[in-house]
Every structure is written in C-alpha cells, then in structure tokens.
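The primary structure of each chain is shown beneath.
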Amino acid sequence: MTSHGSSQRNPSDALIEHGLSRRRLLGTTAAAAGAALLTSRGLPVAAQDKVELVFTYWGSPQEQEAVAQMCESFNEQHPNIEVRPQYVPNDGYTEKMTTMLAGGTPPDIAYMDAEQAFDWALQGKTLDLTPFVQADPESATLLPNTNYTYDNGTKTLSTSLAIGIMLTYFNKKMFDEAGLAYPPSKVADAWQWNDFVEVAKRLTKDRSGRDATDPAFDPDDIDVYGVNYQTWWGGYMPFVFSNGGDFASPDGMELWLNKPEAVEALQNIADLTYKHHVAPTPSQSSSMPATDILLRTGKLAMDLNGMWKVLDYSQYKDLDWSVGVLPYLKEPTTLRWGIPIIISATVSDPAAAYEFYRWRYSPERIDLYKRGLWMPIQGEYYTDPAKIDTWINGIEGVFPPESKDVFIDYALNNAKQPPIYSVMNLGQIQNEAVGPALQALFAGEKTAQEAMDEAAANAVMQGRY
Amino acid sequence: MAIAVRQTTGVRRATRWFSGPGQREALWGVLCVLPAILGFVLWYLGPMVASLVLAFTDYQVAGGANWVGLDNFQTMFGSDRLFVKALQVTVTYSLLSVPLRVIVAFLLAMLLNQRLRALPLFRAIFYLPSIVPLIASSVVWLWMFNPDFGLLNGFLRDLGLDKQRWTYSSDTVLPSLVLMSLWDIGPMMIIFLAGLQGVPRHLYDAVSVDGGNAWNRFLTVTVPMTTPTILFNLVLSVIAAFQTFVQAFIMTDGGPNNNSLFYGFYLYRKAFEEGDMGYASALGWVLFVIIAALSVIIFRTSNRWVYYEGGA
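Protein chains in written order, with this note's numbering: chain A, 1201 to 1665; chain B, 57 to 368.
Read the hints as simulated data drawn from the structure, not as lab findings. No experiment lies behind these values; they were computed from the predicted model shown. Incorrect hints may have been included.
To be verified - Computed spacing ranges between beta-carbons, pair by pair: (1) A:Ser1548 - B:Ala92: 34 to 42 Å; (2) B:Leu101 - A:Gln1269: 45 to 53 Å; (3) B:Leu184 - A:Pro1261: 31 to 39 Å; (4) B:Leu212 - A:Asp1609: 50 to 58 Å; (5) A:Gln1617 - B:Pro231: 39 to 47 Å; (6) A:Asp1609 - B:Gly210: 47 to 55 Å; (7) A:Pro1261 - B:Pro231: 21 to 29 Å.
Ideal placement from N, C-alpha and C gives every residue a C-beta, glycine not left out.
Please take these sequences and the hints and turn them into a complete structure.
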C-alpha cells in the first residue's frame, strides 16, 4: 500500500501492482544507464535488418537476472530480433515510464502499473493486442479473467504477465514444537478466521516465553509473531472477497470498502495487530528484517504473502517450510492476477514484438515458473498432469509437496480478480483515499468503519473499464 | 548616394562595435557567459515558459494538451481537498520550522563565536550534518524515529517518558519533521557566524562603558547589527520550507493520513505518478506566486526592523 505499510512488501515482485510502494530508497539510478540504451533506438537498422526492441521491466535482483537471461535465450533463437532488456528499479518505475513517454521514447515492450497501462491504452499509446491474441493458439488457452481489456472488452491492452495468488507460508518446525496442526493446504480443510487467530495466538510469544493466550502475556515485549500480513490490496482483498464484499460497486462508481462485509474483514486484519497482538505493527515490520528472514529464524510462524515468495523461501535450505491456503471468513478465497505488460503503439515491428511478448507464456521456455516466481497463465498448465510437472516439479525442492493443492486447486477454483483489472482511476483512489485510510487503520488510529467511511467520502470514483 | 551613405554608416557602426578595446572586451565577456545564458534559457526559462502555458491546459502525458483556460485553478481552489491539505501541511511546517531554525542557528552561532578551546573543532562538528545528503540523513532519521527500535524512543525510555510514534502517527509526523529540520542548520549557522564577526567591537565596549550587561549588549548591539543576516537567512529558509520534498518522498510518502503531504510532493505525485502535467504545472505556478508574495512581504517589512550600518 503506501508509506510505512508498504515496507513489508517484497521490494521487487513483478506480479504485484507496482507503484503503490512509496518508501523509496535511492530509486532512480538506472535512469542514466537507460538513457544510453534509448539513444540507439530509431537509428537506421544494421546490415541484416535486425529488429531492435527495448523491453523495460522491474523486479528483484534475482528477477532482473532471470529476465535478462530470458531475453538472451530469445535473442539466440531469433537471429532477426534483438531484444534489449532495460531494468528499472521498482521505486520510481511509474515516474520513469511517464518521463520516457513525455520525452517521446516509450519502451517497445514494458511491464506496467495497471492504472498507467489503461491511461496509455485509452490514449492510443499502446498496441491493441486483440488480433494477435486471437491469431495465437497459445493465447487461446489462457486462464479466464486474466486479460486487461478496454472499450467494453473489445480491445486488449495486455494479457497478464504471469499469475500470482495469495497464500499462507509457514515454518513447519514452529508448528511441530507447539504441537499444532499445519495450516491446511486443501480448500475443504481451510481454517475459519477464529481458528486461525487461536493458532496465531498459540504461536506468538513474548520475551519471557509466554504465548498470547496467557493472561500474563506482555504485548509490548513480543519476541515471536504468529503471523504477518500485507497492508496493500493483496493483503486485504482476499478477506474482503471472502466475506462477500468488494472493492467497488459493480459499476465502479462507489467505493465499497466501507460496506459491512469489507469493514468486518479489514477490522479483523487490524485486530491481529491491536487486539490479538499476534502480528507486528507497520512501524515494527518496517524496522524488522524481511519476513523471509523472520520466518527462517523462527521469529515468525506464518506469512500471508504472494506466490512469488516461493522463489525466496526455496533458497533457504535451513528452513523447513510449506504452503497452505488462506484462512477465510465466509468463503475460502484468494486473488489471481498478474500485472499488465504492454506493447507500445510506436513499436517498429509489431509482429516481432508480439513474438517476444508471447515467449513468456510457456514454462518450457522460461525457468521463472519452475523457480517459483511465476505461475503460468495458460490453462493447460493447471489441468494436464504432464504440463503441471513442467513447472511444479520442474526443479527438485523448489515447490513443497502440498503445492498442487494450493497452486492448482485453490488457484483455479477459489480465486477472484483484484480491482486493478477494472476499477478506473485506481491510482488516485489509492493515493488519496484508500491509502491514507489504511494507514490510519493499520496504525491503530482509527477503526475500519471510521477509516473507510472517510475513504469512501474522499475517493474519486470513475467507473470500471 | 543616400544608400551609399547609409551603408557606410552601417559599416562604421559595426566596425566600432567590434573595435576599440572596451568593446572587444564586452564581446568576450558575452561569449564567456554565453554557456550560462544558454543554460538558463534552455533549462530554466524555456521550461518555465512551457509550464506556464501548460498550466492552462489539461496536458496528460499519455494524451494531448487542450486549452482549458482557468479550469485547473478553479479545480484547485474549488474542489481539490488535497490541494488545501498540502497547503495546510506546508504552511504549518514552515511556521514551525522557519523560526525555530533561525533562532537555533543564531544561538548556536553565538555560542561558537565565544572564545572557546577547540573552537574550529566545534564549528566543524555542528556543520558536519549539512554535508550529509538529505536523502541519506532522511533514512538515518527514519531509524531514529522508529517507535520500537529508534534512538529517540530509547532516550525517552531512559528518561522514564512515554514512547512516541514520531513519523508513524498523523499527530506527531509534522513536529517530528520540524525537529529533523534542525539537523542541517549548519550553513545558516555559518552565515550568522560571519555576521556576528562583522559586529564592531567598539560598540560592545561602548555598552560596557555605559554600564550595560551581557543582555544589553545582545539586545542593543548584537541583534540590530545582525538583522541583515537574519533577513537573508529568513528569506532563504522560508523558500526552502515551502519547497520541502525529500522528507515526504523518502520518509513518509505524505502520510500518515496525508499529514505530511507537502506541496512539492503533491505536485510531484500529480505530475509523475498520475501523469497530470497540466494540473501539476498550475500547482507549480501557484507555489511560485505564494513564495514570491511571501518574499516581497518580508522585504517590504524589512525596512522596519533591518538595520544597515551604512544607513540604507
């Protein structure tokens, strides 16, 4: 989300919507390096008529490396196309895109914050991908509700970069020691919210070793936290949906986060910190090591986080971890989405650009899937056992044994589409209404009802795309 | 004939312009400052004029620009809640931080104007924080402000006082940033120090001869003689306070609850996050007018309280 609350977010995950994190640390250094690449664009093409494409993206250092490799292998297999990866750090990415466009040199292909992508599309700055997607057999098998469309669904701005869902990560050893059952991986066994809170209380310990169910437990001196949650929409929307709520009304003209269903869900999340004392405050988590370190060192038992963390958690050989579904309020629900990736309307060779664009679809061409950063967007990779194995069992020891329950069943059957696919003016709504309200909520300064009533009054709602 | 004469005159004029030792020097002078002039015209004047024009358009980075007249300004003063909030935040911050900074820098300069042991060392120590880039010191202060592990709450705990939430609470975020603004008063202190050292000793002697004490010396000599320096520092810090940006950008993201939404940060958000360049340009020009007006007011009133020794 914003400010202090955002610090818990992995600073660099391509799947989550970019640009809401505002804690910037020394963000814009890559701009100068990028400029050097850009100046070579538009010059007369070299002897053998090679198509040059600039591809701009963000991500963690590992992702930066992996995506660069993907470009390299693409280039090797396409002698007539030269894709130049241009990495831009998360913080300042939106601003960098703005200045590139204003300067008349937008990237040919780019990861993009959804709101900005829609802006560009509506102004004709991006290529309408509909004809390409229709002509491409691989695009035909994409999961439903994963395309970004506009003009009443007649035009396609983007297919999702890849898929991500929200889930529960946990430290097995801590559950074993406390004699508690693991967070369930099957939807049918999912924890009801109150059961989840009870488990979290048993796992939270103060420095004297008392857990949060103990009357003498000291909430000002917590050593081990039961759970950590995200304060951006990936953190709260699963529970809002689970409770029958939504971000906005179906026509998008009304913010619905102040409706009873949403308020209850949001209050429940904030209560984890201020009532049950099982989760750190935003200021605490901003100063604590990253959640993976906490989970790894036994200072955190459960991390409600995004699918892409598999990449990180799988690297810690000393950590016995696994995955489960999220707790629920009324219906077990997660989110399923990927950020948009656009092709500029100014691209010199749309066909070549689309060839690169679709290259990422297949886990058999790119290792980011089997390494645990992305989930496929093609449906057959969830239904065909042989294809499932290409990513979930692609590399031994990356995905835990319970993964099929969570990443296949849960993702296919219990996932909703987050607001980034449809709600207009989302950036401003977040910056000016929802963000400040969530800050007040998660700082314990306001109740969910107070905070969200204020947000609803302030939100400039403009409908849905 | 007439033509010939005119031509001759023209030639003579041209020759005169390029000949003569004084003229030639002037030409060289112009050539030498040309880079600066070009730099100013290309990188400052041009963009300023462009932004003035854009302030009257709805220019979106992704779209085109249409002339909308005063619409941007009407939105701003009519319905933009956050514009009002940003102004409030910025004015409050300026009202708190400017006087505090000027007074503390002045007192510090007085201290460092005493005959102390290791004086240069102390001066260096107090100037040192100003060398640290604001971005770096913002990150450091973020840690100092941390409610759970921060240095400041550590002090409070040792004194037996309650924990504060500093930049993490909407009530205390601005006072916290005001406190932090004292961190880089080094340059202001140095200017005061120079001003203090320009105060003629004989005036102090005169007060002493008349039986005046330290307080009299301060009030009747030190303060009046340094008013020009105070004016200078005042104007500069008002301008700087109104342009505050980095703290919001690095530390608070304008929060919590928009209580550190500085004007400059709001402008940046409109321009680069939302791509609303027309509106952002309008915001920029309103800020320009505000700062210019304040500077004029300060200068206009300065003849009532600033004393120039030469008698100006």
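Indicate whether the distance between the beta carbons of Pro1261 (chain A) and Pro231 (chain B) respects the range 21 to 29 Å. violated, 38 Å
Given the hint of 39 to 47 Å, is the C-beta distance from Gln1617 (chain A) to Pro231 (chain B) inside that range or not? holds, 43 Å
Between the beta carbons of Leu101 (chain B) and Gln1269 (chain A), is the distance compatible with 45 to 53 Å? holds, 47 Å
Confirm or reject the claim that Ser1548 (chain A) and Ala92 (chain B) have a C-beta distance inside 34 to 42 Å. Hint holds: Cβ distance 40 Å, inside 34 to 42 Å.
Honestly, do Asp1609 (chain A) and Gly210 (chain B) meet the 47 to 55 Å range at C-beta? holds, 49 Å
Cβ-Cβ distance between Leu184 (chain B) and Pro1261 (chain A): within 31 to 39 Å? holds, 33 Å
Can you tell me whether the CB distance of Leu212 (chain B) to Asp1609 (chain A) sits inside 50 to 58 Å? Cβ of Leu212 (chain B) to Cβ of Asp1609 (chain A): about 51 Å, so the range 50 to 58 Å holds.
When held up to the earlier numbered hints, the structure conflicts with hint 7 and nothing else.
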